[in-house]
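This is what each chain is made of:
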Amino acid sequence: MESAMWSEKYRPVTLAEMRNQVNVVNRLKRFAETQAMPHCLFAGPPGSGKTTAALCLAHDLFGERFMDAFMELNASDARGIDVIRTTVKEFARIATISEVPFKILVLDEADNMTADAQHALRRTMERYTDTCRFVLSCNYSGKIIEPIQSRCAIFRFVPLAEEEVAAYLKTIAEKEHVHLTEPGLRALTNASEGDLRKAINTLQGAASLGKSIDEKVVYEVVGKAKPGDVQDLLEIAMKGDFLKAREKLRSLLLQQGLSGKDILKQIHSEILRMPIPEKSKIELIDAAGEIDYRLIQGADEEVQLSSLLARLALVSSQKRSS
Amino acid sequence: MNAPWTVKHRPKTLADIAGNKPTIQQILDWLDLWKKGPPKKRALLLHGPPGTGKTVSVEAVANERGLDLVEINASDKRNRDALERTVGLATQQTDLFGRSRLILIDEVDGINLSEDRGAVDTIVRLVEETQVPVILTANDPWDPKIGPIRNATTMLEYRRLGLRDTLPYLKRICEKEGVEVDEQALRLIVDRNQGDMRSIMNDLQVLTSGRKRLSYDQTTWLGFRDRRATIFDALKTVFTSPTCLQARRATDMADMDLDMFFEWVYENTPRQLSDARDLCQAMNALAQADLYRARIDRTRAWELLPYALEMETAGVAMSKEFTKPAWVPMKFPERIQLLSRTRKMRSMQAELGKSIAARCHISSRRAISQYLPYIKYVLNTNPTEGARLVRWLGLSEEAMEYLGVKPTPPEVPAPAKEVEPKRAKPRTAAKPKRKKKTA
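Line by line, the protein sequences give chains A and B.
The first sequence begins at 1 in our numbering and counts up by one.
The second sequence begins at 1 in our numbering and counts up by one.
No lab work stands behind these hints: they were computed from the structure.
Among these hints, one or two may not hold up.
Pairwise CB distance ranges (calculated) [said to hold, decoys possible]: (1) A/K211 x B/F322: 47 to 57 Å; (2) A/Y140 x B/R343: 27 to 37 Å; (3) A/K239 x B/P329: 20 to 30 Å.
Keeping only pairs whose Cα atoms sit at most 30 Å apart, straight-line, the calculated DSSO-like set for lysine-lysine is [stated by the list, open to error]: (4) A/K244 x B/K236; (5) A/K198 x B/K354; (6) A/K281 x B/K324; (7) A/K265 x A/K319; (8) B/K12 x B/K41; (9) B/K324 x A/K239; (10) B/K354 x A/K175; (11) B/K21 x B/K8; (12) A/K244 x B/K12; (13) B/K171 x B/K212; (14) A/K211 x B/K376; (15) A/K239 x B/K212; (16) B/K331 x A/K239; (17) A/K175 x A/K9; (18) A/K319 x A/K281; (19) B/K41 x A/K244; (20) A/K244 x B/K376; (21) A/K175 x B/K376; (22) A/K175 x A/K198; (23) A/K224 x B/K354; (24) B/K354 x A/K261.
All C-beta atoms, glycine included, are put in the ideal place defined by N, C-alpha and C.
Model the full structure from these sequences, guided by the hints.
What follows is the structure, given as structure tokens:
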């Protein structure tokens, strides 16, 4: 019996199959037709089709067997300057033998590359333009250094509209013979916030229950299939039980394998909605920003984040006593 | 000079031993448990400063109870083979005359990790399987390398000997040796040696040799031995010093790895500073110290170290303002234990992340936060479907086991590759990603 992550199983293979990001896709189709393209920078939120577009473009250019002329590197996993100097160069400098005169190298999550690595990349891009085209994808183009931006055609990917997400989900549900109710569909599109990957993963999780998917089922999946319960962590800290909060933080980091950065991001997204004085929120945001920078500098994730928890505990205790 | 007094006057019976009587009673009580078969913890870890009577009391216990004592100490080679030969044999048998055995592994904190390879693991296994009582001794039970041993044993502490413990004992020895020693002189010797009976005896023998009488004046030239304060003294300094200068001395007191010292302070700060205001300030100081450490790591700028040390000592000390005084015991840094306990788990997580990343065109970091939870959810609600998914990911057998999936179940005989959906091309996933891994 077949099984796969549906987000892979139903990933479009050709540009023609891509139903959203119409403007972007139309221009990419031109590249495939003319077999000519510049370096590209795909900017947009997660799950909006950047990686898919790059894969489809490669498929349309090189055909089914495009592995020889195509390489995908994930910058968050391999973000150092060494990778640029070795792996990337190695791939880029050897010319391809296919009729298309260049290879494609996709650098996913390029905004996670260090500035040094980006500068090294810039030189590589320049030197091997004849043999290799780079497709960089990122969430924020602002995090890419200007010299690289100026060498790339920039494509902006917008978050998928609810109807677009809904259309994809309906197709998949049909093919997988899953009964998806109207409220269930609405809950899915709602919870995914335009991130198709998340929407499909949630759908697959909900389908595993083997019953009709309604609102309730969707919210159960969304509630349970969370990378880690940061909400819980914050509640414990706000109750003033710092030791327990630190223990929880420790288990998120060590046992659930979350990165400090992911946890900080989730905490940050909650700050504005916390039941604490408005002025304290500003204080916390400032502290979170400082910690984010410290983590980049290589500071200890647990020590830094627990200082934020201590501050949160203090702020909430002052609120309680006043 | 005759035999060293430390040998000549080495106690043979429990009554001869100075100090730590309650602890010795605990050893006896524990041995009594063995009459009904092995108790839950089959080994004791006696810990305390040198010269407090750890080894001697084990010897005396064996002597009084008529036990055959098998002893291994730091001067023996203690790698896995050597240990298994000696201790392994001893744990399973009684001696030729049918006497019960007692095994003593002395100075376990003296294990040299590179030379005594596998020693810690072997000891832990022996302790878990032994059929006869095992007693271990250590000066520094908090040494991270013997963490696993600490968890497998019952710990008993030997305290430094005080004047009350030592004076009557020393007087008896002086009498036997036929020398007259002023009480003031004895007090000074005991004091200077901080209750270390072995060094007291050595000093006493040196000072009295060739004399019939030893006065206070004649002892004052005696040099100090350098004693290291324990980590607990250093922590007490951090959490009680009224001035920065005093708090700062803590790092000089503790003769230990500075990173380890930081872990101790970090672990205990929230326990010692219960007021939220104090705690927030102290945690900030620690975060700041950590930042300096990170900068040192990155740039090798060791000249930044004093700032880190001052923040983690004085910075914490000065945060204590509103916390009500209370005695709270210090705890061993739990994070260190958890780090070693979860090492396998974390490497598993990393592998899962990589496998998912290779299949789903995403970074392994995001794979863990955005895919793994769903996969686990499916595994939970629909194990059959979940198992298929896991197989599709092409995980290693170990990783499958970690997720609770049997590697090759009977109902799906086809290998993972053939289960691949038709539409998902044999694209990118396999080949280019593999390039990256080897890079």
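The hints, checked one at a time:
1. A/K211 x B/F322: 47 to 57 Å: 55 Å, holds
2. A/Y140 x B/R343: 27 to 37 Å: 35 Å, holds
3. A/K239 x B/P329: 20 to 30 Å: At 24 Å between Cβs, range holds.
4. A/K244 x B/K236: Holds, at roughly 23 Å.
5. A/K198 x B/K354: 19 Å, holds
6. A/K281 x B/K324: 29 Å, holds
7. A/K265 x A/K319: Since the Cα atoms of A/K265 and A/K319 sit roughly 24 Å apart, the hinted pair holds (cutoff 30 Å).
8. B/K12 x B/K41: 27 Å, holds
9. B/K324 x A/K239: 20 Å, holds
10. B/K354 x A/K175: 29 Å, holds
11. B/K21 x B/K8: 22 Å, holds
12. A/K244 x B/K12: 49 Å, violated
13. B/K171 x B/K212: 14 Å, holds
14. A/K211 x B/K376: Holds, at about 18 Å.
15. A/K239 x B/K212: 71 Å, violated
16. B/K331 x A/K239: Roughly 23 Å separates the two Cα atoms, so the pair holds.
17. A/K175 x A/K9: 11 Å, holds
18. A/K319 x A/K281: 12 Å, holds
19. B/K41 x A/K244: 29 Å, holds
20. A/K244 x B/K376: OK: A/K244 and B/K376 at ~25 Å, within 30 Å.
21. A/K175 x B/K376: 23 Å, holds
22. A/K175 x A/K198: This hinted pair holds, its Cα atoms lying about 19 Å apart.
23. A/K224 x B/K354: 23 Å, holds
24. B/K354 x A/K261: 18 Å, holds
Checked against the numbered hints given earlier, this structure breaks hints 12, 15; the rest are met.
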